[in-house]
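Enquirer: As a plain string of letters, each chain reads:
2 protein chains.
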Amino acid sequence: MNYSILYKDTLLKDILPFWERYSIDTQYGGYFTCLDRNGKVYDTDKFIWLQGRQAWTFSMLYNRVEKNPKWLEIAKSGVDFLRNYGRDTEGNFYFSVTQKGEPLVQPYNIFSDCFAAMAFSQYAIATNDDEIKELAKTTYFNILQRIDNPKGKYEKNTSTRPLVGFSLPMILSNLVLELEGVLSSEEVNKTIDYSVNQVMEIFLDKKTGLVFENVQPDGSHDNSFNGRLLNPGHGIEAMWFMIDIGVRKRDSKLINRATETILRILEHSWDKDYGGIFYFMDASGYPLQQLEWDQKLWWVHLETLVALAKAYEHTQKDEVFNWYKKVHDYSWSHFSDAENGEWFGYLNRQGEVLLNLKGGKWKGCFHVPRAMFQCWKSFEKIEANIQKNKLND
Amino acid sequence: MNYSILYKDTLLKDILPFWERYSIDTQYGGYFTCLDRNGKVYDTDKFIWLQGRQAWTFSMLYNRVEKNPKWLEIAKSGVDFLRNYGRDTEGNFYFSVTQKGEPLVQPYNIFSDCFAAMAFSQYAIATNDDEIKELAKTTYFNILQRIDNPKGKYEKNTSTRPLVGFSLPMILSNLVLELEGVLSSEEVNKTIDYSVNQVMEIFLDKKTGLVFENVQPDGSHDNSFNGRLLNPGHGIEAMWFMIDIGVRKRDSKLINRATETILRILEHSWDKDYGGIFYFMDASGYPLQQLEWDQKLWWVHLETLVALAKAYEHTQKDEVFNWYKKVHDYSWSHFSDAENGEWFGYLNRQGEVLLNLKGGKWKGCFHVPRAMFQCWKSFEKIEANIQKNKLND
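Chains as they are written, first to last, in my numbering: chain A, 11 to 403; chain B, 11 to 403.
Accuracy of the hints is not assured; some may be wrong.
Any copy, or any two copies together, can satisfy a pair, since identical chains are not distinguished.
In silico DSS-like cross-links for lysine-lysine, where the CA-CA straight-line distance does not exceed 27 Å [said to hold, decoys possible]: (1) K371 with K161; (2) K371 with K163; (3) K110 with K166; (4) K387 with K400.
For the record, the hints were derived by calculation from the structure and aren't laboratory data. Nothing here was measured: the structure is a model prediction, and the numbers come from that model.
Hey, can you work out the whole structure from these sequences and the hints?
Expert: Here's what the structure looks like:
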């Protein structure tokens, strides 16, 4: 099979048309993300994560695929909405707002700011707009300022058990590359070093080879629900961020360690009974607090496809490609909706559709198109390489 | 089948021995609630809801079943733990603490206070201890003071969409009867009137006959995720609180309306494919935010058994008994663990065990023993009534 064409065609002829057709709010700007199986809007609330992520997606594709003015217009709609309605008076981004932009849920969650910064940065590259560039920078430094207490007054945990979470260092390792255009190279290198160290030395456990979701600041483990928690999709996603950094730094050791970690997490979290990757696991095998632990989520599988494609592109190991094939077959046969386009988001353990939606509070125009783009580009290189080797034979 | 004996025997010979044997922390006081299928402790954190609920259960059984000194000692252990480690300096109850009692999660959740108040009140009845009686009263009035902003500074919702939640008025309708011994009858009657009005006029929707989890303060509906949310178990549980109040007030109209509502909710939320009652539903049939929506939870089914037993006790309607039989057969064949005792808590939609535990963050020594006790007592009356009718024939 020609994978690069599959991913390219799906991105350009299925995924993007779906969001172009159904998600645009022509009245108030920004995007609807609560779309049912057919693309019909079933709720009009706007979740800031997803506003930022969709604005980023269309800006990124404009920058890296095609200077399509329609894509830029769609990106602008989200960027304007975020600028006008996304922030409180202190410049922190809300979690959600109404269709018109009235604040609904306070800025308790710093990832709203991360995805807004990504959107501003890509849009600034597309338009060369200095004001937006400045906004990307301000948002980024505001995130760094909040890094030790990202939830602010909404933090419910006391200081009794000072665990640190994986999400923020993980996101930073991707965000900083997204913001290369607006940050000094000194700042970029500093944050890369910080996040690689956090991900590979603090959160990646030497003994088990698994990435823990919460650890003590020195990386040691805490025998509690949060301390035992594994989020396989997060761990695997972070590894393709590490491969990107490895490529940038020409650090083949980092690429190899990331590749090994992907395989290790997959072996540990693949559901041997029904296929697919578990959403959450407990490192000691104890019962979890997350009732949704055994479900199969779209983003987990798409991030794994990206990670395996990149790992194969750079290592050419058969073991990596065998896993790629396995995850590919599961994902494309279970998540892709041939009838109505786009991908389902949530399957039960058995692989049946659990929520009949294409978008909601957490699923928007992001993981599917980003993975399609990343896999397309990786397979283009993989296939060109195979072609070259054939010619050399 | 003699149901009263089934419930009595299960309570006294299976459920209580399980918690007596495995849950007592003889070192630091209070209870372990994270117990695996065999009763082994897999986590030592103490969740204040469950500390209060277990102290209540053993106090209540001491008061209403048997003056068993062992039960009183178990109750005392939890009451002492709550007094010593449960509260912050302002008298608000934490959500969770460590095994030793160090605070872990702040008092963002007022239900900790509700279950502590219930425990103090029952324990005060058992011991006639004035200090504990006073503590029950103080805790109750602190809850009333916080009623308009129960989450305090941890409230993440803005005032844009002022929805009110069902849980608090629902709990109050039960809590106030639990606190009859320590409150003035004026206070009791005021809170009964308030909560009956809230439950039956504000949250119970006249048009659909369903109880909504979140409504606008005047009871009108909001077309949003929270505004469309149904929690069938909550609605049904509240109806047996209404029946208790109906009995107390000799209000047969209230008992009949509660009975009709139980049947209506059951018809709407029974899973016609796999049996059991859904955990969450969307009133418009849209996709939910709750990924666990289709799971079958122990407490939902136990509260339904109590509600149907009470409804049948007071109305003797065949339709009620037919539903009772259906829920009984599903519940006893799916949740009860004949091999290791007690009940499983979480099943997937298909009715298979999802989490192999007897207790955790939310499941403790409460719903199972309370339902066993309530059903035992209801069926004693139902069976005595049948016997009487036979003799009169």
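Enquirer: Does each hint hold? Answer for all of them.
Expert: We went through each hint and held it up to the structure:
1. For the identical chains of this complex, K371 and K161 are neighbours both inside a copy (19 Å) and across copies (23 Å), given an alpha-carbon limit of 27 Å.
2. Proximity of K371 to K163 under the C-alpha cut-off of 27 Å is found in both arrangements, the shortest distances being 23 Å within a copy and 24 Å between copies.
3. Within a single copy, K110 and K166 get their C-alpha atoms only as close as 30 Å, which misses the 27 Å cut-off; across copies the closest is 19 Å, which meets it.
4. In this assembly of identical chains, K387 and K400 lie within 27 Å of each other by CA distance solely inside one copy; the values are 20 Å within and 81 Å between copies.
When held up to the earlier numbered hints, the structure conflicts with none and fits them all.
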